[in-house]
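Quick mapping for you: the protein sequence lines, in order, are chains D and A.
Using full-length UniProt numbering, you'd call the opening residue of the first sequence number 1 and step up by one each time.
Using full-length UniProt numbering, you'd call the opening residue of the second sequence number 1 and step up by one each time.
These are computed hints drawn from the structure, not numbers from a lab.
Backbone N, C-alpha and C define an ideal beta-carbon position, used for all residues, glycine too.
Don't take every hint at face value.
What the hints assert, rightly or not - Pairs of lysine-lysine, DSSO-like flavour, derived with a Cα cap of 27 Å: (1) Lys-364(A) <-> Lys-107(D); (2) Lys-394(A) <-> Lys-107(D); (3) Lys-365(A) <-> Lys-31(D); (4) Lys-158(A) <-> Lys-365(A); (5) Lys-401(A) <-> Lys-15(D); (6) Lys-127(A) <-> Lys-31(D); (7) Lys-30(D) <-> Lys-365(A); (8) Lys-283(A) <-> Lys-206(A); (9) Lys-283(A) <-> Lys-299(A); (10) Lys-176(A) <-> Lys-158(A).
What the hints assert, rightly or not - Sample of chain A residues lacking proximity to chain D, with all beta carbon distances greater than 10 Å (derived): (11) Asn-47; (12) Lys-150; (13) Val-241.
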Amino acid sequence: MDDLLYKDMILDLYKHPLNRKNLESFTTEKKSHNPTCGDLVTMQVLFDDDGKVKDIGHQGEGCAISQAALSLITDKVKGLTKEEIIAISEEDMLSMLGIPISHARMKCALLGWNTLKSMMSEL
Amino acid sequence: MKDSLKQYFPLYTSSPDLAYFDTGASALKPQVVIDKIREYYSSYGVNIHRGLYEASDRATTEHDNAREIVATFINAEPEEIVFIYGTTHGLNMLATSLGQELKKGDNIVLTAWEHHANLIPWQQIAKNTGAELRFVDIDDDYQLDIEDAKKKIDSNTKIVSFGHVSNTLGSLAPAKELIALAKQVQAITIIDAAQSIVHLKTDVKKLDVDFLVFSGHKLYGPTGIGVLYGKKEKLAQLSPVMFGGDMILDVSYDSAEWNDVPYRFESGTPNIAGAIGLGAAVKFIESIGLQHIQERETKLTSYLINQLSSLPNVQIIGSSNPSKHHGVISIHIPGIHTHDIAEILNRHNVAIRVGSHCAMPLMKKLGLPGGTARFSVGMYNDEKDVDTAMTSLKEAIDIFK
Numbered sequence: 001m002d003d004l005l006y007k008d009m010i011l012d013l014y015k016h017p018l019n020r021k022n023l024e025s026f027t028t029e030k031k032s033h034n035p036t037c038g039d040l041v042t043m044q045v046l047f048d049d050d051g052k053v054k055d056i057g058h059q060g061e062g063c064a065i066s067q068a069a070l071s072l073i074t075d076k077v078k079g080l081t082k083e084e085i086i087a088i089s090e091e092d093m094l095s096m097l098g099i100p101i102s103h104a105r106m107k108c109a110l111l112g113w114n115t116l117k118s119m120m121s122e123l
Numbered sequence: 001m002k003d004s005l006k007q008y009f010p011l012y013t014s015s016p017d018l019a020y021f022d023t024g025a026s027a028l029k030p031q032v033v034i035d036k037i038r039e040y041y042s043s044y045g046v047n048i049h050r051g052l053y054e055a056s057d058r059a060t061t062e063h064d065n066a067r068e069i070v071a072t073f074i075n076a077e078p079e080e081i082v083f084i085y086g087t088t089h090g091l092n093m094l095a096t097s098l099g100q101e102l103k104k105g106d107n108i109v110l111t112a113w114e115h116h117a118n119l120i121p122w123q124q125i126a127k128n129t130g131a132e133l134r135f136v137d138i139d140d141d142y143q144l145d146i147e148d149a150k151k152k153i154d155s156n157t158k159i160v161s162f163g164h165v166s167n168t169l170g171s172l173a174p175a176k177e178l179i180a181l182a183k184q185v186q187a188i189t190i191i192d193a194a195q196s197i198v199h200l201k202t203d204v205k206k207l208d209v210d211f212l213v214f215s216g217h218k219l220y221g222p223t224g225i226g227v228l229y230g231k232k233e234k235l236a237q238l239s240p241v242m243f244g245g246d247m248i249l250d251v252s253y254d255s256a257e258w259n260d261v262p263y264r265f266e267s268g269t270p271n272i273a274g275a276i277g278l279g280a281a282v283k284f285i286e287s288i289g290l291q292h293i294q295e296r297e298t299k300l301t302s303y304l305i306n307q308l309s310s311l312p313n314v315q316i317i318g319s320s321n322p323s324k325h326h327g328v329i330s331i332h333i334p335g336i337h338t339h340d341i342a343e344i345l346n347r348h349n350v351a352i353r354v355g356s357h358c359a360m361p362l363m364k365k366l367g368l369p370g371g372t373a374r375f376s377v378g379m380y381n382d383e384k385d386v387d388t389a390m391t392s393l394k395e396a397i398d399i400f401k
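Next comes chain A alone, as it looks inside the complex (with noise of 0.2 Å):
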């Protein structure tokens, strides 16, 4: 790829020859995210709302049009879109908020690939309320078993909520079937969309999913800001369950009453430079062209792919079609400890992602207690990352052999 977009990134800059494969962790930060962030902490670097001065409203301008720009980029509207702290913090607010509802006799449906941020709320959910919570599983080519979905998805199910892109295997869920299983029983639809919003297009009225969540990090943004899309007619019905300033309408000492959405949703003073960064990151991805990045992406994970696959005794962990891989890529190397994989892969400045990804229920499902060695890419990568991983790979093997 001659077209490298390694120039936007300045990580290069100080490290040139690092093969960085863990975008799914956390993506790099283009020079214009980081500048957008000094910009507002050295120019307006003040509390956004009801400051009647001039750094205050620029900074609340600029808050703003972070939140249309980022509303724009999933097809939503302003008022539909709650800045949080990252896709952690936006499930468990969906959890607690939409548990207070739950009883026995419901059943929340998730599937057997979720990272433990949208597992574990749940699970909390299910203790307290003594609702059921089911796993749509996985068939033998890593994909989500839609028959299986529809024996899952019952007239008792309250809320379908999961993973849009495996964290660990790439699979792509068929959000459009298990969305349409979940109204036929009206039951609250979630997308986590941690690792499928850096590589998709998403829209949210094509998918017609209640509720959405992702971080900013893994979408070239700055650590601390994330965002929740709800429709708004669901986000007037959430209840908030954070509780304090900018949140409310009117307080007296013994009551209050909720400001407009989404504002009630955001109490205390936000990440301000998190979220006028994310609109940055928006604007730098736009610019660059998602459909660009897109196929960037697809050639390279091909190109990966092919390549690991040449090696003797890498198992991939995930679909044999490449075209099924969004973004991830993990492998198994029987006889060698993926903790020693990423020791001996970093001695030749390859970044990659080992363990179990905050997915160990799949991981004890799979039976590798070790986790796997995990390869994420984003739009700064080329096959020469792809080629100084392969000689770092066959150099493990052969140690271990």
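With the rest of the complex left out, here is chain D (with noise of 0.2 Å):
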């Protein structure tokens, strides 16, 4: 397959995302919402006791974009503190996709990383 967008990893990760899960207990919530996909994603984390992430789960619907940015987030964010999270930036979320993001597919592309920031900012 040799489509710029839709790389096998990205098709991997829609058909078999990373995280995809409810956990039982989290130190934080959130729920987020996408207006272009008009989808909402809920994301939890859970902190050990020296403050970095021991696991992290995402559920809801979306595009195959949001899908694997929201796979690839929450699997890079593990053992990180909330002040490493921060320091996460959109160049960063968008390297890690490594696909060429439209103007109209940005909010897809950002929609796992924003969560988890203004997740981490609230705490």
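Build the complex from these two chains, which are given one at a time in their own frames, with help from the hints.
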């Protein structure tokens, strides 16, 4: 498959998402909405005693781009502190995806990153 | 279809390969509408009413003409036509005004397929007054269940308001039956004609409906203009909810008397260019012939549904009978989010609309959290557009297989 956007990695993550689960106990939870897709995502984060992410889960419905991005960002932040998560930039998120994101799809690509960032700032 | 109508729409000059399937959101504008708006702004672009000079007199005359053109189009009288900003505005006006009379114990009957514009205003009224909201359900063929309507409409029903054609399913409401049921209990009837006005001949007298609302931009007219039709005696009983200039007869520091119907509902300087442009749009439709448009669209809808049904895994969210679709065909492809469908179609210059179509409760009811991918047709669509759409849909299916 030589599709620039729907690369195998993106499609794999869409079909087999990472960390797509409900946490039984968590430190913080946030529901977020992507007005372009009209979709809802719920993210949950559990911190350990050292203030590092012990577990993270996300649920909801979304397009291939938003779902792949959610898988990537949730995997990336495991073991990180709140401050380290806040330090992850938009560029970092987009380079993790590694695909050309059009203006119309930017909200999909950044849904998880945005949600997580505002969750951390609210802590 | 050899007799293309695309030539009348200048957007096809700049984008000749565009396969536009989003008329349900907004129809493209023909050159004559653009010319008419330009003519207003360049030749007599001033305010209407009481301007005792030539340009204002012309603007007033053109604005009045537009009201007459629209009235004739739906078989109403000019004084029954209130110019508004769009369907949402009209439904909010009606809910706000009629809602003042409601109390606990009363009920408002809507349908399961309402656009948010015909749901949320009533939700607000229900919250404020304690009135109950009821929803006529849909059956397995995505049509309104008239037997359910008979149960929902009762002696406490004060308002029956429904979308004439579902903007998601394309189904047509049994308007006459619903209105007859409402009349038995003296309920006020309202039709949201946003989706039907462009596809079906609308005759308010035959429908015998109290109020009917639609938007100009879905009727090949400009944005920011719409129409609230009300029976003369019903408009006379309706309290205005927006106040200011032009809607008054006499004013003192303490009180005001309302102007005649329909002017009492048109406070402030209206969208003059919009109304005049809408008049031009209606004249354009009449010159092509609504029946001719309808025949073309029916044929094309059939072709589109047949083609869609031949693709693997594509589910039509709506009746399997093409004749029960009025300009709208929604699909769901398991395993492909609607947004990804739209993205891949856009690569081939195919414009569709995806998501919940401002009908979130219906999407939840149908178990479609990602909504549907919606094709909506206009007079300009042809089989080539459908073929392009099919090629791109096949590509989407292939990418996600």
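Hint-by-hint comparison with the structure:
1. Lys-364(A) <-> Lys-107(D): holds, 23 Å
2. Lys-394(A) <-> Lys-107(D): holds, 26 Å
3. Lys-365(A) <-> Lys-31(D): holds, 21 Å
4. Lys-158(A) <-> Lys-365(A): holds, 26 Å
5. Lys-401(A) <-> Lys-15(D): Holds, at roughly 10 Å.
6. Lys-127(A) <-> Lys-31(D): holds, 25 Å
7. Lys-30(D) <-> Lys-365(A): Roughly 24 Å separates the two Cα atoms, so the pair holds.
8. Lys-283(A) <-> Lys-206(A): holds, 22 Å
9. Lys-283(A) <-> Lys-299(A): The given pair, whose Cα atoms are some 24 Å apart, holds under the 27 Å limit.
10. Lys-176(A) <-> Lys-158(A): Satisfied, since the Cα-Cα distance of roughly 17 Å is no more than 27 Å.
11. Asn-47: Per Cβ check, Asn-47(A) is outside 10 Å of chain D; nearest 37 Å; holds.
12. Lys-150: holds, 34 Å
13. Val-241: holds, 28 Å
Checked against the numbered hints above, the structure violates none of them.
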